[in-house]
Amino acid sequence: MLPVKETNHPEINIEKDPFSVRFKKGLKQWREVFPFLFLGLLGAGVFVIFPLIKGVIMSFQDYNIMPGAESPFVGLENYMRAFEDENFKYAVRNTILNTLVTVPVNWFFGLFFAVLINLHFVKYKITFRTLYYLPIITSWIVVAFLFRYLFADGDSGLINFMLLKAGLVNEPISWLQNQWTAMVVIWLFHIWKTVGWTVVIYLAALQGISKDIYEAAAIDGSDGFKTFRYITIPQLRPITAFVLINLVMGAFNIFPQVYFITNGGPMGQTEVLQSMIYKEAFNNFNFGYSSALSVMMGLTIFLITLAQQKKLGKNTDE
Amino acid sequence: MKWFKSLMAGVSISTLLLATACSGGGGEKADGDNKGSKDKVTIEYWHTYGDQEEKVLVDKIKPLFEKEHPEIELKLTRMPYEGLKQQVIAGVSGDAAPDLMRMDIIWVPEFAEMGALKEVSSMDGFDAVKESVFEGPMATNVFEGKYYGVPVNTNTKVAIYNKAIMDKAGITEAPKTMDEFVAASQKAKDAGAKGAIGIGGSFSWGFLPYFWSLGGELTNEDYTKFDGYLNSPESIKAVEEIAKWQKDKLAAPTLLGGEPGTWDGMKKNEYFMIDDGPWFYSILMNEEGSKFKPLEDTVRGLMPEGKGGSRSVIGGEDLVIFANSKHPEEAWTFAKWMMTTEPQKIMSETGLIPSNKEAANDPEFLKVPFAKEYVEQLKTAMPRTPIPQWSEIEAIINQNFEKVVRGKMSAEDAMNDAAKKADSLLK
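For the record, the sequence lines run as chains B and R. Sequential numbering of the first sequence, starting at 0, is according to our numbering. Sequential numbering of the second sequence, starting at 634, is according to our numbering.
These are calculated hints, taken from the structure and not from any lab test. Just so you know, not all the hints are guaranteed correct.
Stated by the list, open to error - Pair ranges (Cβ atoms, derived): (1) R/Lys688 - B/Ser70: 40 to 46 Å; (2) B/Ile303 - R/Lys688: 52 to 58 Å; (3) B/Leu302 - R/Ile916: 50 to 56 Å; (4) B/Gln178 - R/Ile916: 49 to 55 Å; (5) B/Lys310 - R/Leu709: 41 to 47 Å; (6) B/Ile125 - R/Phe925: 27 to 33 Å; (7) R/Glu687 - B/Lys309: 57 to 63 Å; (8) B/Phe301 - R/Thr681: 38 to 44 Å; (9) B/Ser70 - R/Ala797: 55 to 61 Å; (10) B/Glu83 - R/Ala797: 50 to 56 Å.
Said to hold, decoys possible - Below are the BS3-like pairs computed for lysine-lysine, each with C-alpha atoms no more than 25 Å apart in a straight line: (11) R/Lys822 - R/Lys877; (12) R/Lys978 - R/Lys1000; (13) R/Lys1000 - B/Lys88; (14) R/Lys779 - R/Lys1060; (15) B/Lys88 - R/Lys1012; (16) R/Lys990 - R/Lys940; (17) R/Lys880 - R/Lys978; (18) R/Lys718 - R/Lys809; (19) R/Lys718 - B/Lys53; (20) B/Lys88 - R/Lys1054; (21) R/Lys695 - R/Lys990; (22) R/Lys688 - R/Lys978; (23) B/Lys164 - R/Lys827; (24) R/Lys940 - R/Lys822; (25) R/Lys924 - R/Lys1000; (26) R/Lys901 - B/Lys164; (27) R/Lys1012 - R/Lys763; (28) R/Lys820 - R/Lys901.
Said to hold, decoys possible - In silico contact screen, one side only, chain R against chain B (beta carbon under 7 Å); selected entries: (29) Met747; (30) Val815; (31) Gly891; (32) Glu892; (33) Glu1025; (34) Glu1027; (35) Gln1032; (36) Lys1036.
Where is the CB? At the ideal position from N, CA and C, for every residue including glycine.
All chains should be built: construct the whole structure from the sequences, respecting the hints.
This is how it looks when you write it as structure tokens:
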């Protein structure tokens, strides 16, 4: 039986076709699109898939970067090493702490400011949106140095100067020279730099909620709070899932915040995974160990994202 | 044949996109390389000279070398110090490293172990070069008994005292012994100095001069063992003494990374003493519009002499040739030439201390107003452990040292732990 041509529903046709015909047709379609996919596939292969596989292989090697040099396989040695490393403990702790602290704060402020800007009587919406987005397009290094100067030790740092003048503290705080104060600076920097993204995403989502729903609620006598609780929040649910996943990944990938502000100091207590991975590879030449750390971190992010997606995704279906 | 046409169309569009994206870089190079004179060899030289030094390099060294060796062209690239090691690694692994580089002495064993550097001890005329330079700086090029570079310039740090604070505290000359030094620091502190002993930070380059002068030691003589040296009773005592300076508030905030920095503290007459290299003078003397006159406002002295003598730390740069250099012979010709008296003298105009003995003892160089103390200090200065694992071991020592200074760990535990970890890395 040859395929019937007069129908406009190819999917019905395919079911009727014998395998060889369908195969030929599929092949033809592939031939037509493949050249256009080629570049993208090539790029992904060279810049994403190859490094990914190479990184996993390197994590089992005592890797030497010289071209042609030998890199013997050492089994799980690189992985075992991490669990004896004091710096690794700090790095894991700080990365998790950073996620636990900054994600809720970021999410709350992002939603708060988005709702605020979206209120119907607020003018210059675009100006506000731009202002909140500005930190994101500024250079990491420039702002990191700015934060370092703001929180400089002694009375020459602006924050210390203001605190002293206001009489809130008696002597200057050594912000970056102590573990927890340094962490606070890093968190603040992270939140300042990324909250604008959350605002912009939520703002777009808020503007996408149909006005009809709000009107219906108003007619039914719903007040502002109830409207927010029972209409805005549920309507934003899919966006919230997306925002949270991205915030968690962003918080896990914290690097310039630490590397340029404290460089892991004092005594490695503010080290995070990314800065440790970077330093092990490029300062200590331990590429194998560094890859092992990266693989573990990658797997963790993957699992967290998967769990989040499953949980949040399910709820939206209901 | 229709599918073939569409395939070709797609591929050509893809390649077109790729080609336009890449053409920016590729096009220019082709012209330049082909048309240059045929026999002339270009060697690429990465350096990290400062502003003043680069001027001399470009205006004097390059023309002189190219006049004497017309067959070689020297291509100079000034590299930023920030992130340099990472750039060198990328260059080496991607076969894009230059022919020559002037690199920090402490990197040489590390890159040599990696196989990135060319061994120069077997090159023609090496022995003559070795004869002509100071032993200490030359030793920083050794890896497994062979040499992988030549010391292009050397330096060390001396004690620099603030004149205004000395006057205020009634101190007339730079303290000579450790006891005098601590007593003078106490006086300066009492006279209102914000910090008396300006150790640059809790990293080896900062604290080693004090640690060594106080009698501490890092390893045995052939750099194969930390245990028994880094944690010897003398070493532990030395660390305890520095921690005591911190407790007594003699140490400036810089020891734990605080502000103002050593230079600012000196310029603002807040710190009694700091230690630094000749660049403190060569840079600040050339600072326009500054009220601070480094030569008049400071007094130089050797590091105060303690149980370990008057010890400072050797710094400086070595000239190395990369293993995948395309013109190793020409690169060596330049390295060899750079070590001769004439170019060494020219570079010393900027205050860089020549490693060539003749140039360093040249009366002309000693006329540089601050040179004398540095050359004197070099006689007893010591190198940081020249082993490939140093940067990793250093991080461990630094961290444990900081823990002691902060009172989080006893000096004994800290040094025992560091020695154990360091030795395990040596294996």
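Are there hints from earlier that the structure breaks, and if so, what are their numbers?
Result: hints 4, 5, 6, 13, 15, 16, 17, 18, 30 and 34 break, sorted rising.
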